[in-house]
Amino acid sequence: MINQKRVELLAAELKKLGLDAIYLGPSTDLEYIGGLDTHPDERVRGLMVSKDCRCFAMTPLLYKEEMVNAFGGVPFYAEWNDHEGFTGAFRRGCEHLGVVGGKIAFNDGVRAVDMLAVRDAMDLQMCNGAGILDPLRSRKDEGELAVMREASRIVDAVVGKLLDFIRPGMTERQIAKKIPEFFEEAGSNEISFAPIVASGPNGSMPHYGGDRRVIEENDVIILDLGGRYKSYCSDTTRTFFTGTPTEEQRKVYEIVRQAQAAGEAAVQPGATGQDVDRAARQVIIDAGYGEYFFNRVGHGIGLAVHESPYMIEGNDRPLEPGNVFSVEPGIYLPGKFGVRIENIVAVRADGTGEALNHFPRDLDSVCIRG
0 MINQKRVELL AAELKKLGLD AIYLGPSTDL EYIGGLDTHP DERVRGLMVS
50 KDCRCFAMTP LLYKEEMVNA FGGVPFYAEW NDHEGFTGAF RRGCEHLGVV
100 GGKIAFNDGV RAVDMLAVRD AMDLQMCNGA GILDPLRSRK DEGELAVMRE
150 ASRIVDAVVG KLLDFIRPGM TERQIAKKIP EFFEEAGSNE ISFAPIVASG
200 PNGSMPHYGG DRRVIEENDV IILDLGGRYK SYCSDTTRTF FTGTPTEEQR
250 KVYEIVRQAQ AAGEAAVQPG ATGQDVDRAA RQVIIDAGYG EYFFNRVGHG
300 IGLAVHESPY MIEGNDRPLE PGNVFSVEPG IYLPGKFGVR IENIVAVRAD
350 GTGEALNHFP RDLDSVCIRG
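Throughout the sequence shown, residue numbering follows numbering that gives the first Met the number 0, covering 0 to 369 in sequence.
If you are wondering where the hints come from, they were derived from the structure by calculation, not from laboratory data.
Please note that a few of the clues may not be correct.
As the list claims (entries may be wrong) - The list that follows gives simulated cross-link-like pairs (lysine-lysine, PhoX-like), each with its CA atoms no further than 25 Å apart:
id: 1; residue 1: K4; residue 2: K15
id: 2; residue 1: K102; residue 2: K176
id: 3; residue 1: K160; residue 2: K63
id: 4; residue 1: K335; residue 2: K250
id: 5; residue 1: K102; residue 2: K160
id: 6; residue 1: K4; residue 2: K102
id: 7; residue 1: K14; residue 2: K4
id: 8; residue 1: K176; residue 2: K160
id: 9; residue 1: K63; residue 2: K176
id: 10; residue 1: K63; residue 2: K335
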(Lines of atoms letter the chains of each structure in order from A and count residues from 1; the text may use other names and numbers.)
(Lines give C-alpha, C1' and ligand atoms only; values in the text may rest on other atoms or scores of the structure.)
Protein backbone atom coordinates (compact mmCIF):
# COMPACT_ATOMS: atom_id res chain seq x y z
CA MET A 1 0.00 0.00 0.00
CA ILE A 2 1.01 3.62 -0.39
CA ASN A 3 2.86 4.70 2.76
CA GLN A 4 1.03 7.92 3.61
CA LYS A 5 3.58 9.05 6.19
CA ARG A 6 6.35 8.79 3.60
CA VAL A 7 4.17 10.61 1.05
CA GLU A 8 3.77 13.47 3.51
CA LEU A 9 7.51 13.65 4.16
CA LEU A 10 8.19 13.58 0.42
CA ALA A 11 5.63 16.35 -0.19
CA ALA A 12 7.40 18.50 2.41
CA GLU A 13 10.69 17.86 0.60
CA LEU A 14 9.10 18.92 -2.71
CA LYS A 15 7.90 22.19 -1.18
CA LYS A 16 11.35 22.84 0.22
CA LEU A 17 12.86 22.35 -3.26
CA GLY A 18 10.25 24.47 -5.05
CA LEU A 19 8.82 21.50 -6.98
CA ASP A 20 5.19 20.84 -7.83
CA ALA A 21 5.50 17.06 -8.05
CA ILE A 22 7.81 14.12 -8.61
CA TYR A 23 7.21 11.16 -10.89
CA LEU A 24 8.69 7.84 -9.71
CA GLY A 25 9.28 5.13 -12.29
CA PRO A 26 10.06 1.49 -11.41
CA SER A 27 12.82 1.77 -8.82
CA THR A 28 13.62 1.36 -5.14
CA ASP A 29 12.18 4.90 -4.71
CA LEU A 30 8.84 3.56 -5.94
CA GLU A 31 9.15 0.56 -3.64
CA TYR A 32 9.90 2.87 -0.69
CA ILE A 33 6.78 4.99 -1.26
CA GLY A 34 4.36 2.44 -2.66
CA GLY A 35 5.66 -1.02 -1.79
CA LEU A 36 5.79 -2.01 -5.47
CA ASP A 37 8.86 -3.98 -6.53
CA THR A 38 8.48 -4.04 -10.30
CA HIS A 39 11.07 -4.35 -13.02
CA PRO A 40 11.29 -1.62 -15.66
CA ASP A 41 10.38 -2.33 -19.26
CA GLU A 42 9.15 -0.27 -22.22
CA ARG A 43 5.63 0.15 -20.80
CA VAL A 44 5.59 3.35 -18.76
CA ARG A 45 4.22 3.00 -15.24
CA GLY A 46 4.83 4.55 -11.85
CA LEU A 47 3.49 7.03 -9.35
CA MET A 48 3.38 10.82 -9.23
CA VAL A 49 3.33 12.57 -5.84
CA SER A 50 2.44 16.26 -5.65
CA LYS A 51 3.53 18.84 -3.11
CA ASP A 52 0.04 18.77 -1.59
CA CYS A 53 0.31 15.00 -0.84
CA ARG A 54 -1.93 13.87 -3.70
CA CYS A 55 -1.01 11.03 -6.06
CA PHE A 56 -1.87 9.46 -9.35
CA ALA A 57 -0.74 6.04 -10.53
CA MET A 58 0.38 5.61 -14.12
CA THR A 59 -0.44 2.15 -15.46
CA PRO A 60 -0.70 0.30 -18.72
CA LEU A 61 -3.71 -2.02 -18.67
CA LEU A 62 -1.29 -4.95 -18.76
CA TYR A 63 -0.09 -4.05 -15.24
CA LYS A 64 -3.26 -2.57 -13.72
CA GLU A 65 -4.14 -5.48 -11.43
CA GLU A 66 -0.57 -5.66 -10.10
CA MET A 67 -0.52 -1.93 -9.41
CA VAL A 68 -3.95 -1.80 -7.79
CA ASN A 69 -2.95 -4.71 -5.54
CA ALA A 70 0.20 -2.83 -4.55
CA PHE A 71 -1.12 0.73 -4.24
CA GLY A 72 -4.73 0.20 -3.20
CA GLY A 73 -7.00 3.25 -3.12
CA VAL A 74 -4.99 5.76 -5.14
CA PRO A 75 -7.57 8.42 -6.14
CA PHE A 76 -6.69 8.36 -9.83
CA TYR A 77 -5.27 5.67 -12.11
CA ALA A 78 -4.05 7.02 -15.45
CA GLU A 79 -4.59 3.97 -17.64
CA TRP A 80 -3.37 3.36 -21.16
CA ASN A 81 -3.46 0.59 -23.72
CA ASP A 82 -0.64 -0.60 -25.94
CA HIS A 83 -2.13 0.85 -29.15
CA GLU A 84 -2.62 4.31 -27.55
CA GLY A 85 0.80 5.19 -26.19
CA PHE A 86 1.22 6.57 -22.70
CA THR A 87 1.45 10.35 -23.11
CA GLY A 88 -2.30 10.98 -23.15
CA ALA A 89 -2.72 9.07 -19.90
CA PHE A 90 0.22 10.94 -18.39
CA ARG A 91 -1.44 14.25 -19.28
CA ARG A 92 -4.72 13.13 -17.70
CA GLY A 93 -2.89 12.30 -14.49
CA CYS A 94 -1.15 15.67 -14.43
CA GLU A 95 -4.45 17.42 -15.07
CA HIS A 96 -5.99 15.51 -12.16
CA LEU A 97 -3.24 16.83 -9.87
CA GLY A 98 -3.29 20.30 -11.39
CA VAL A 99 0.41 20.28 -12.24
CA VAL A 100 0.30 20.84 -16.03
CA GLY A 101 2.79 23.63 -16.71
CA GLY A 102 4.43 23.04 -13.34
CA LYS A 103 7.93 22.02 -12.27
CA ILE A 104 8.09 18.23 -12.20
CA ALA A 105 11.00 16.07 -11.10
CA PHE A 106 11.61 12.63 -12.60
CA ASN A 107 13.56 10.00 -10.72
CA ASP A 108 16.12 7.60 -12.18
CA GLY A 109 13.49 4.91 -12.77
CA VAL A 110 12.31 6.83 -15.85
CA ARG A 111 13.90 6.26 -19.25
CA ALA A 112 15.26 9.33 -21.04
CA VAL A 113 13.25 8.50 -24.18
CA ASP A 114 10.04 8.53 -22.13
CA MET A 115 10.90 11.89 -20.59
CA LEU A 116 11.49 13.26 -24.08
CA ALA A 117 8.09 11.96 -25.19
CA VAL A 118 6.44 13.74 -22.24
CA ARG A 119 8.35 16.94 -23.04
CA ASP A 120 7.10 16.89 -26.63
CA ALA A 121 3.50 16.13 -25.64
CA MET A 122 2.78 18.69 -22.92
CA ASP A 123 3.89 21.80 -21.12
CA LEU A 124 6.08 20.92 -18.14
CA GLN A 125 9.28 22.18 -16.61
CA MET A 126 11.25 18.95 -16.12
CA CYS A 127 14.13 18.46 -13.72
CA ASN A 128 16.38 15.76 -12.30
CA GLY A 129 14.71 14.01 -9.36
CA ALA A 130 17.43 11.47 -8.64
CA GLY A 131 18.37 11.76 -4.99
CA ILE A 132 15.32 13.71 -3.81
CA LEU A 133 14.26 10.81 -1.59
CA ASP A 134 17.79 10.24 -0.25
CA PRO A 135 17.30 12.26 2.97
CA LEU A 136 14.21 10.19 3.78
CA ARG A 137 15.50 6.79 2.73
CA SER A 138 18.84 7.20 4.48
CA ARG A 139 17.19 7.55 7.92
CA LYS A 140 15.90 4.06 8.65
CA ASP A 141 13.17 3.77 11.27
CA GLU A 142 13.07 1.04 13.93
CA GLY A 143 11.04 -1.27 11.71
CA GLU A 144 13.54 -0.98 8.90
CA LEU A 145 16.47 -1.48 11.26
CA ALA A 146 14.91 -4.66 12.64
CA VAL A 147 14.57 -6.03 9.11
CA MET A 148 18.16 -5.11 8.29
CA ARG A 149 19.46 -6.80 11.43
CA GLU A 150 17.75 -9.99 10.30
CA ALA A 151 19.10 -9.59 6.76
CA SER A 152 22.60 -9.31 8.24
CA ARG A 153 22.06 -12.36 10.45
CA ILE A 154 21.12 -14.33 7.35
CA VAL A 155 24.19 -13.28 5.37
CA ASP A 156 26.42 -14.16 8.35
CA ALA A 157 24.86 -17.63 8.35
CA VAL A 158 25.61 -17.96 4.63
CA VAL A 159 29.25 -17.01 5.23
CA GLY A 160 29.44 -19.78 7.83
CA LYS A 161 28.01 -22.27 5.36
CA LEU A 162 30.63 -21.20 2.80
CA LEU A 163 33.43 -21.73 5.30
CA ASP A 164 32.28 -25.34 5.69
CA PHE A 165 31.67 -25.83 1.95
CA ILE A 166 34.74 -24.41 0.18
CA ARG A 167 37.62 -26.75 -0.50
CA PRO A 168 40.64 -26.69 -2.83
CA GLY A 169 39.78 -28.09 -6.26
CA MET A 170 36.51 -26.18 -6.59
CA THR A 171 36.14 -23.42 -9.15
CA GLU A 172 35.05 -19.89 -8.31
CA ARG A 173 31.90 -20.59 -10.35
CA GLN A 174 30.98 -23.64 -8.27
CA ILE A 175 31.16 -21.52 -5.13
CA ALA A 176 29.20 -18.61 -6.63
CA LYS A 177 26.43 -20.96 -7.83
CA LYS A 178 26.03 -22.37 -4.31
CA ILE A 179 25.49 -18.96 -2.69
CA PRO A 180 21.82 -18.43 -3.73
CA GLU A 181 21.01 -21.93 -2.43
CA PHE A 182 22.61 -21.12 0.93
CA PHE A 183 20.62 -17.87 1.13
CA GLU A 184 17.37 -19.72 0.56
CA GLU A 185 18.26 -22.23 3.27
CA ALA A 186 19.04 -19.36 5.68
CA GLY A 187 15.78 -17.48 5.07
CA SER A 188 16.30 -15.20 2.04
CA ASN A 189 15.05 -16.21 -1.40
CA GLU A 190 16.79 -13.49 -3.41
CA ILE A 191 20.38 -12.31 -3.63
CA SER A 192 20.87 -8.54 -3.56
CA PHE A 193 23.69 -8.58 -6.14
CA ALA A 194 25.75 -11.09 -8.09
CA PRO A 195 28.27 -12.47 -5.58
CA ILE A 196 31.99 -11.93 -6.02
CA VAL A 197 34.25 -14.95 -5.58
CA ALA A 198 37.79 -13.79 -6.30
CA SER A 199 40.63 -16.19 -5.56
CA GLY A 200 44.40 -15.83 -5.68
CA PRO A 201 45.57 -13.06 -8.03
CA ASN A 202 41.95 -12.36 -9.03
CA GLY A 203 41.46 -10.86 -5.57
CA SER A 204 43.49 -7.80 -6.57
CA MET A 205 40.47 -6.67 -8.66
CA PRO A 206 37.87 -5.37 -6.17
CA HIS A 207 34.88 -6.05 -8.45
CA TYR A 208 36.28 -9.11 -10.22
CA GLY A 209 33.67 -10.70 -12.48
CA GLY A 210 35.26 -13.96 -13.64
CA ASP A 211 34.61 -17.47 -12.37
CA ARG A 212 37.02 -19.95 -13.97
CA ARG A 213 39.93 -20.19 -11.56
CA VAL A 214 40.33 -23.33 -9.46
CA ILE A 215 40.84 -22.88 -5.71
CA GLU A 216 44.28 -24.09 -4.67
CA GLU A 217 45.91 -25.22 -1.46
CA ASN A 218 47.11 -22.24 0.60
CA ASP A 219 44.94 -19.87 -1.42
CA VAL A 220 43.26 -16.52 -0.63
CA ILE A 221 39.57 -16.01 -1.51
CA ILE A 222 37.55 -12.79 -1.29
CA LEU A 223 33.81 -13.48 -0.87
CA ASP A 224 31.47 -10.49 -1.30
CA LEU A 225 27.79 -11.39 -1.07
CA GLY A 226 24.36 -10.24 0.03
CA GLY A 227 20.70 -11.20 0.03
CA ARG A 228 17.33 -9.47 0.34
CA TYR A 229 15.02 -9.97 3.29
CA LYS A 230 11.60 -8.28 3.19
CA SER A 231 13.01 -6.17 0.34
CA TYR A 232 16.03 -4.87 2.33
CA CYS A 233 19.55 -5.76 1.28
CA SER A 234 22.45 -7.25 3.16
CA ASP A 235 26.09 -7.04 2.08
CA THR A 236 29.23 -8.43 3.64
CA THR A 237 32.75 -9.40 2.64
CA ARG A 238 35.11 -11.86 4.27
CA THR A 239 38.49 -13.05 3.05
CA PHE A 240 39.09 -16.79 3.48
CA PHE A 241 42.33 -18.74 3.43
CA THR A 242 42.73 -22.37 2.47
CA GLY A 243 45.55 -23.87 4.46
CA THR A 244 48.18 -21.68 6.07
CA PRO A 245 48.56 -17.99 5.10
CA THR A 246 52.02 -16.71 4.24
CA GLU A 247 53.67 -14.08 6.40
CA GLU A 248 52.80 -11.41 3.84
CA GLN A 249 49.18 -12.53 3.73
CA ARG A 250 48.98 -12.47 7.53
CA LYS A 251 50.45 -8.99 7.63
CA VAL A 252 48.08 -7.59 4.99
CA TYR A 253 45.07 -9.27 6.56
CA GLU A 254 45.84 -7.80 9.98
CA ILE A 255 46.25 -4.30 8.51
CA VAL A 256 42.84 -4.54 6.80
CA ARG A 257 41.24 -5.95 9.95
CA GLN A 258 42.56 -3.02 11.98
CA ALA A 259 41.46 -0.54 9.29
CA GLN A 260 37.96 -1.98 9.24
CA ALA A 261 37.73 -1.80 13.03
CA ALA A 262 39.00 1.80 12.96
CA GLY A 263 36.31 2.75 10.45
CA GLU A 264 33.61 1.30 12.69
CA ALA A 265 35.05 3.01 15.77
CA ALA A 266 34.95 6.38 13.98
CA VAL A 267 31.14 6.31 14.02
CA GLN A 268 30.64 8.72 16.92
CA PRO A 269 28.34 11.71 17.55
CA GLY A 270 29.07 14.40 14.96
CA ALA A 271 31.15 12.15 12.71
CA THR A 272 30.83 12.52 8.94
CA GLY A 273 31.17 10.11 6.06
CA GLN A 274 34.65 11.37 5.33
CA ASP A 275 35.65 10.87 8.98
CA VAL A 276 34.86 7.17 8.63
CA ASP A 277 36.76 6.98 5.34
CA ARG A 278 39.77 8.76 6.79
CA ALA A 279 39.91 6.64 9.93
CA ALA A 280 40.02 3.37 8.01
CA ARG A 281 42.24 4.68 5.24
CA GLN A 282 44.84 6.13 7.58
CA VAL A 283 45.59 2.71 9.05
CA ILE A 284 46.39 1.41 5.58
CA ILE A 285 48.42 4.50 4.67
CA ASP A 286 50.44 4.31 7.87
CA ALA A 287 51.24 0.67 7.13
CA GLY A 288 52.66 1.67 3.73
CA TYR A 289 49.87 0.27 1.55
CA GLY A 290 47.94 3.45 0.74
CA GLU A 291 48.41 3.13 -3.03
CA TYR A 292 46.76 -0.29 -2.93
CA PHE A 293 43.48 0.99 -1.49
CA PHE A 294 41.90 3.18 -4.15
CA ASN A 295 38.15 3.28 -3.57
CA ARG A 296 35.74 4.72 -0.99
CA VAL A 297 35.43 3.00 2.37
CA GLY A 298 31.70 2.44 2.22
CA HIS A 299 28.22 3.03 0.87
CA GLY A 300 24.73 3.31 2.28
CA ILE A 301 22.43 0.31 2.02
CA GLY A 302 18.71 -0.36 2.35
CA LEU A 303 16.19 -1.16 -0.37
CA ALA A 304 19.13 -0.66 -2.75
CA VAL A 305 22.50 -2.24 -2.12
CA HIS A 306 24.19 1.11 -2.90
CA GLU A 307 22.45 4.26 -1.68
CA SER A 308 23.08 7.33 0.48
CA PRO A 309 25.08 8.05 2.62
CA TYR A 310 28.56 7.33 1.24
CA MET A 311 31.70 6.97 3.36
CA ILE A 312 33.98 8.96 1.11
CA GLU A 313 36.36 11.92 1.19
CA GLY A 314 34.35 15.09 0.64
CA ASN A 315 31.19 13.90 2.39
CA ASP A 316 31.18 16.31 5.33
CA ARG A 317 27.54 15.84 6.23
CA PRO A 318 27.17 14.55 9.82
CA LEU A 319 25.89 11.01 10.13
CA GLU A 320 22.35 10.73 11.50
CA PRO A 321 20.57 8.10 13.59
CA GLY A 322 19.13 5.50 11.25
CA ASN A 323 21.91 5.79 8.66
CA VAL A 324 23.08 2.32 7.62
CA PHE A 325 26.23 1.79 5.58
CA SER A 326 29.16 -0.49 4.86
CA VAL A 327 32.69 -0.15 6.20
CA GLU A 328 34.85 -2.17 3.79
CA PRO A 329 38.50 -1.22 3.43
CA GLY A 330 40.81 -3.43 1.39
CA ILE A 331 44.31 -3.88 0.09
CA TYR A 332 44.71 -5.08 -3.50
CA LEU A 333 48.16 -6.23 -4.63
CA PRO A 334 48.22 -6.64 -8.44
CA GLY A 335 49.10 -10.13 -9.62
CA LYS A 336 49.28 -11.47 -6.05
CA PHE A 337 46.10 -11.33 -3.92
CA GLY A 338 43.64 -9.02 -2.24
CA VAL A 339 42.07 -8.70 1.20
CA ARG A 340 38.75 -7.00 2.00
CA ILE A 341 36.66 -7.11 5.18
CA GLU A 342 33.17 -5.58 5.29
CA ASN A 343 30.56 -5.06 7.96
CA ILE A 344 27.30 -3.13 7.76
CA VAL A 345 27.00 -0.46 10.47
CA ALA A 346 23.89 1.36 11.71
CA VAL A 347 24.00 4.68 13.54
CA ARG A 348 22.26 4.48 16.92
CA ALA A 349 20.18 7.25 18.46
CA ASP A 350 23.23 8.37 20.48
CA GLY A 351 25.36 8.73 17.33
CA THR A 352 27.54 5.66 17.88
CA GLY A 353 27.76 2.71 15.53
CA GLU A 354 26.15 -0.71 15.76
CA ALA A 355 27.75 -3.43 13.64
CA LEU A 356 24.99 -5.53 12.09
CA ASN A 357 27.36 -8.31 10.99
CA HIS A 358 28.83 -10.61 13.59
CA PHE A 359 30.76 -13.23 11.64
CA PRO A 360 34.27 -13.16 13.18
CA ARG A 361 37.03 -11.14 11.57
CA ASP A 362 40.05 -12.67 13.30
CA LEU A 363 42.39 -14.65 11.06
CA ASP A 364 41.84 -18.03 12.70
CA SER A 365 38.08 -17.80 12.06
CA VAL A 366 38.50 -17.37 8.29
CA CYS A 367 41.01 -20.16 7.67
CA ILE A 368 39.49 -23.24 6.04
CA ARG A 369 40.68 -26.44 7.68
CA GLY A 370 40.16 -29.90 6.24
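Structure-based check of each hint:
Taking the CA atoms of K4 and K15, the gap is about 17 Å. The hint holds against a cut of 25 Å. Between K102 and K176 the CA atoms are separated by roughly 47 Å; this puts the pair beyond 25 Å, and the hint is violated. In summary, the hint linking K160 to K63 is not supported, as the alpha carbons are separated by about 42 Å, beyond the 25 Å threshold. Restraint check: the Cα-Cα separation between K335 and K250 comes to about 14 Å, which is no more than 25 Å; the hinted pair holds.
Taken as a hint, the K102 and K160 pair is broken in the structure, with Cα atoms around 52 Å apart against an allowance of 25 Å. Note on K4 and K102: the hinted pairing holds, with a Cα-Cα distance of about 23 Å set against a maximum of 25 Å. Restraint check for K14 and K4: the C-alpha separation of about 16 Å stays at or below 25 Å, so the hint holds. At roughly 13 Å between alpha-carbon atoms, K176 and K160 fall within 25 Å of each other, so this suggested pair holds.
For the given pair, K63 sits about 35 Å from K176 by alpha-carbon distance, which is inconsistent with the 25 Å threshold. For the hint pairing K63 with K335, the CA-to-CA distance comes to about 54 Å; that exceeds 25 Å, so the pair is violated.
In summary, the structure is inconsistent with hints 2, 3, 5, 9 and 10 from the numbered list given earlier, while agreeing with the others.
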